[in-house]
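Turn these sequences into a full structure, and let the hints guide you.
Line by line, the protein sequences give chains A and B. Mapping of the first sequence onto this note's numbering: position 103 corresponds to residue 174, and the numbering continues sequentially without gaps. Mapping of the second sequence onto this note's numbering: position 193 corresponds to residue 264, and the numbering continues sequentially without gaps.
A few of these clues could be false.
[Stated by the list, open to error] Heads up, simulated PhoX-like pairs for lysine-lysine below, C-alpha to C-alpha not over 20 Å straight-line:
#1 B:Lys270 <-> B:Lys392
#2 A:Lys338 <-> A:Lys295
#3 A:Lys354 <-> A:Lys270
#4 B:Lys200 <-> A:Lys200
#5 B:Lys113 <-> B:Lys354
#6 A:Lys113 <-> A:Lys403
#7 B:Lys318 <-> B:Lys354
#8 B:Lys295 <-> B:Lys198
#9 A:Lys263 <-> B:Lys362
#10 A:Lys301 <-> A:Lys342
#11 B:Lys295 <-> A:Lys198
#12 B:Lys263 <-> A:Lys200
#13 A:Lys200 <-> B:Lys318
#14 A:Lys362 <-> A:Lys295
#15 B:Lys392 <-> B:Lys362
[Said to hold, decoys possible] A few chain B residues that don't get close to chain A, going by computed Cβ distances all over 10 Å:
#16 Glu99
#17 His189
#18 Lys200
#19 Arg209
#20 Glu241
#21 Ser273
#22 Ser274
#23 Gly325
#24 Glu332
In case anyone wonders, no lab produced these hints; they're calculated from the structure. All residues carry an ideal CB built from backbone N, CA and C; glycine is no exception.
Protein chains: 2
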Amino acid sequence: MVDLNAFIAEVASKINNSVTGIKGTPQELYEASLHIFRAGGKRLRPALVYASGRAFGADEDALLAFATGVELFHNFTLIHDDIMDNDDYRRGVPTVHKVYGIPTAILSGDLLFSLALHIPLSYCSTKMKSSRCIDASRKLAWASVTVAEGQALDMMFESMKEVSEEQYFEMIYKKTAALIEASVYIGGVLGKAEESELKLLSSYGKNLGLAFQIVDDILGIYGKEEETGKPVYSDIREGKKTLLIIKALNIATGEDKELIEDVLGKKNLEKEKYSEVADLIEKLGVLQYAKSKAEGFVADALEDLKNLEGKCDTEYLTLLKDMAYVVVKRRK
Amino acid sequence: MVDLNAFIAEVASKINNSVTGIKGTPQELYEASLHIFRAGGKRLRPALVYASGRAFGADEDALLAFATGVELFHNFTLIHDDIMDNDDYRRGVPTVHKVYGIPTAILSGDLLFSLALHIPLSYCSTKMKSSRCIDASRKLAWASVTVAEGQALDMMFESMKEVSEEQYFEMIYKKTAALIEASVYIGGVLGKAEESELKLLSSYGKNLGLAFQIVDDILGIYGKEEETGKPVYSDIREGKKTLLIIKALNIATGEDKELIEDVLGKKNLEKEKYSEVADLIEKLGVLQYAKSKAEGFVADALEDLKNLEGKCDTEYLTLLKDMAYVVVKRRK
Chain A
72 MVDLNAFIAE VASKINNSVT GIKGTPQELY EASLHIFRAG GKRLRPALVY ASGRAFGADE
132 DALLAFATGV ELFHNFTLIH DDIMDNDDYR RGVPTVHKVY GIPTAILSGD LLFSLALHIP
192 LSYCSTKMKS SRCIDASRKL AWASVTVAEG QALDMMFESM KEVSEEQYFE MIYKKTAALI
252 EASVYIGGVL GKAEESELKL LSSYGKNLGL AFQIVDDILG IYGKEEETGK PVYSDIREGK
312 KTLLIIKALN IATGEDKELI EDVLGKKNLE KEKYSEVADL IEKLGVLQYA KSKAEGFVAD
372 ALEDLKNLEG KCDTEYLTLL KDMAYVVVKR RK
Chain B
72 MVDLNAFIAE VASKINNSVT GIKGTPQELY EASLHIFRAG GKRLRPALVY ASGRAFGADE
132 DALLAFATGV ELFHNFTLIH DDIMDNDDYR RGVPTVHKVY GIPTAILSGD LLFSLALHIP
192 LSYCSTKMKS SRCIDASRKL AWASVTVAEG QALDMMFESM KEVSEEQYFE MIYKKTAALI
252 EASVYIGGVL GKAEESELKL LSSYGKNLGL AFQIVDDILG IYGKEEETGK PVYSDIREGK
312 KTLLIIKALN IATGEDKELI EDVLGKKNLE KEKYSEVADL IEKLGVLQYA KSKAEGFVAD
372 ALEDLKNLEG KCDTEYLTLL KDMAYVVVKR RK
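So, in structure tokens, the structure goes:
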């Protein structure tokens, strides 16, 4: 049996080594690009590439190239999102644009994005000139288009008074789940997964990603600053249209509704005001609702894996299962 | 004989049709992404992809996918560069961040970059699952890494008192010539060009790109606003370390040197001050020096093409020759 924590530590170590080896000129740009990467991170996406890849017998060098690409791509989105959202902290350290200024932060993200595709494609062009390598690269590029669309929707929603749950789910699918779906797909396609299996892997990744984002929404209100690395109540402060806020606005009435509307998106109120809204959301049953939704997606993800039993390596299939549970239990 | 202007018009029309067909959600993001593309542009890079591709018998659909990718990538760099340089106008219209704000402009660039790789890779994954398709994609991703490095150097140079010509040439190779080199290489590799021929195509593209940037530097001081779409003297105003300014600082002495140092990088002086510097640069023989440099690179580019004679379609080889001449003669 592969232990989940040992596995994640193994992948993280591979990725950290791979990324630390990235060098270029000017050095200052590379430093800025890796600022957030060095501050930590779960390396969830690389772990998914590896788990799914090993389940289907993929080449280890191929997995390293693509897992590195996926993680760099993820870090690129964090750097640019922080500029767009004007966030000051990430992973407990000041964001890239706070340290290096906006122009360098934009460029750092652009460089990571470039590397995210250059590293896998360089691997493909020297080692594995197959259609599977092309398809893995295509899926990563597809995710990048989709994530940009998701971030645009997320920003648009901030200034919209009403956002439906359907719109919300489209947004988080694009913004968060697409890259997680791509990570799992890429592992499988670099291995021997066939089309029907790739569909199940994609579905697992999508469900996992949706659950992941809902848990993120919960942590954006109820997470502890020392665990998440982000200021507490940040989503309320920024008026983010998260599942909790959409649902709360939807079912609250009278004074309750007024309170939420008054506080949402106001950046400089006293802490008590935000905590009042957080308490209200819980009282309205919305926290519980969000938790059940996340658990529902995890159940769907597990169902996808069940359909893969007997078609791939059991040990790594079990790891994918374990990772689904971890997503709902995480506190950061 | 293929007429150069007819050829460029043909390519431009193909690219315009291809790009106009790009759709996605949210529509606002796609609108912002295509704002600068719609304002015009020479479509020089797609023309190079086509000319070199046809010279080596590449598939027309492959050329369209990659030429579109190269042009979208180029437009992405323009959008982000305009934010970093705080430029208000491009191609005679307000820049994306002036119209849509910085967050949407960042994201528009990210979307174009994503599409720039997704369109070629989608083509490869359905139509041409060959190592040549992988190599063309790799070269585009390589150019994207290199262009980011070049832009970083360009920004660093603005705050450096002394920049050598050697440093300047490294910067413009990365910032400008690498993508032009990639465009020519991509055409050839999508066709039947062999390694020695790809080297010559790359060298031609590199030389052409270096000449192109020097001419851009000349137009950045001596270009007419109604032709370039950019405010006159903009490079002096922004303190850009262009070949002209580096060389002028290098050879000017006494009052001349003081005048250049006083005016360079100051944004709000009277127009006469900038024109005084422009006149001085010409008087010092630096304008002539820059012109000769550009012509030297064009001569090298033509030499590369000479070595390709008999190895590919003569008509398109002649077009590549014509394009080299156009680069030094252009006024916008």
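Now for the hints, and whether the structure bears them out:
Annotation: proposed proximity of Lys270 of chain B to Lys392 of chain B holds, straight-line Cα distance about 17 Å (limit 20 Å). Between Lys338 of chain A and Lys295 of chain A the CA atoms are separated by roughly 19 Å; this keeps the pair inside 20 Å, and the hint holds. Proposed proximity of Lys354 of chain A and Lys270 of chain A is contradicted: the alpha carbons are some 39 Å apart, above 20 Å. For the hint linking Lys200 of chain B to Lys200 of chain A, the alpha-carbon distance of about 9 Å falls within 20 Å, and the restraint holds.
Proximity of Lys113 of chain B to Lys354 of chain B is assessed by CA-CA distance (about 31 Å); at most 20 Å being required, the pair is judged violated. With a CA separation close to 9 Å, the supplied pair Lys113 of chain A and Lys403 of chain A stays within the 20 Å bound. Simply put, Lys318 of chain B and Lys354 of chain B have alpha-carbon atoms about 13 Å apart, close enough for the 20 Å limit, and the pair holds. As the CA atoms of Lys295 of chain B and Lys198 of chain B are separated by approximately 45 Å, the hinted pair breaks the 20 Å bound.
About 57 Å separates the Cα atoms of Lys263 of chain A and Lys362 of chain B, which puts this hinted pair outside 20 Å; it is violated. Straight-line distance between C-alpha atoms of Lys301 of chain A and Lys342 of chain A comes to about 15 Å, which keeps the hinted pair within the 20 Å bound. Distance hint between Lys295 of chain B and Lys198 of chain A is unfulfilled; the C-alpha atoms sit about 50 Å from each other, more than 20 Å. Between Lys263 of chain B and Lys200 of chain A, the direct Cα distance comes to roughly 17 Å. Compliance with the 20 Å bound is thereby established for this hinted pair.
This hinted pair does not check out: Lys200 of chain A and Lys318 of chain B have alpha carbons roughly 46 Å apart, beyond 20 Å. Restraint check: the Cα-Cα separation between Lys362 of chain A and Lys295 of chain A comes to about 17 Å, which is no more than 20 Å; the hinted pair holds. Distance restraint check for Lys392 of chain B and Lys362 of chain B: the Cα-Cα separation of roughly 18 Å lies within the 20 Å cut-off, and the hinted pair is therefore satisfied. Glu99 of chain B, annotated as away from the interface, has a beta carbon of chain A within 10 Å; the closest lies near 7 Å.
Interface exclusion of His189 of chain B from chain A breaks down, the closest Cβ pair being 4 Å apart, not more than 10 Å. At roughly 4 Å from the closest C-beta of chain A, the C-beta of Lys200 of chain B falls inside 10 Å, breaking its exclusion from the interface. In this structure Arg209 of chain B is not separated from chain A by more than 10 Å, as the shortest Cβ-Cβ distance comes to only about 4 Å. Listed as a non-interface residue, Glu241 of chain B fails to keep its Cβ farther than 10 Å from every Cβ of chain A; the least gap is roughly 8 Å.
Distance check for Ser273 of chain B against chain A: the nearest CB is about 15 Å away, which clears 10 Å, and the non-interface claim stands. Here Ser274 of chain B stays apart from chain A, with its beta-carbon at least about 20 Å from theirs, past the 10 Å limit. Distance to chain A confirms Gly325 of chain B as a non-interface residue, since its nearest Cβ pair spans about 33 Å, more than 10 Å. The Cβ of Glu332 of chain B lies farther than 10 Å from every Cβ of chain A, with a closest approach of about 24 Å, so its non-interface assignment holds.
The structure does not agree with the numbered hints 3, 5, 8, 9, 11, 13, 16, 17, 18, 19, 20 stated previously, though it agrees with the rest.
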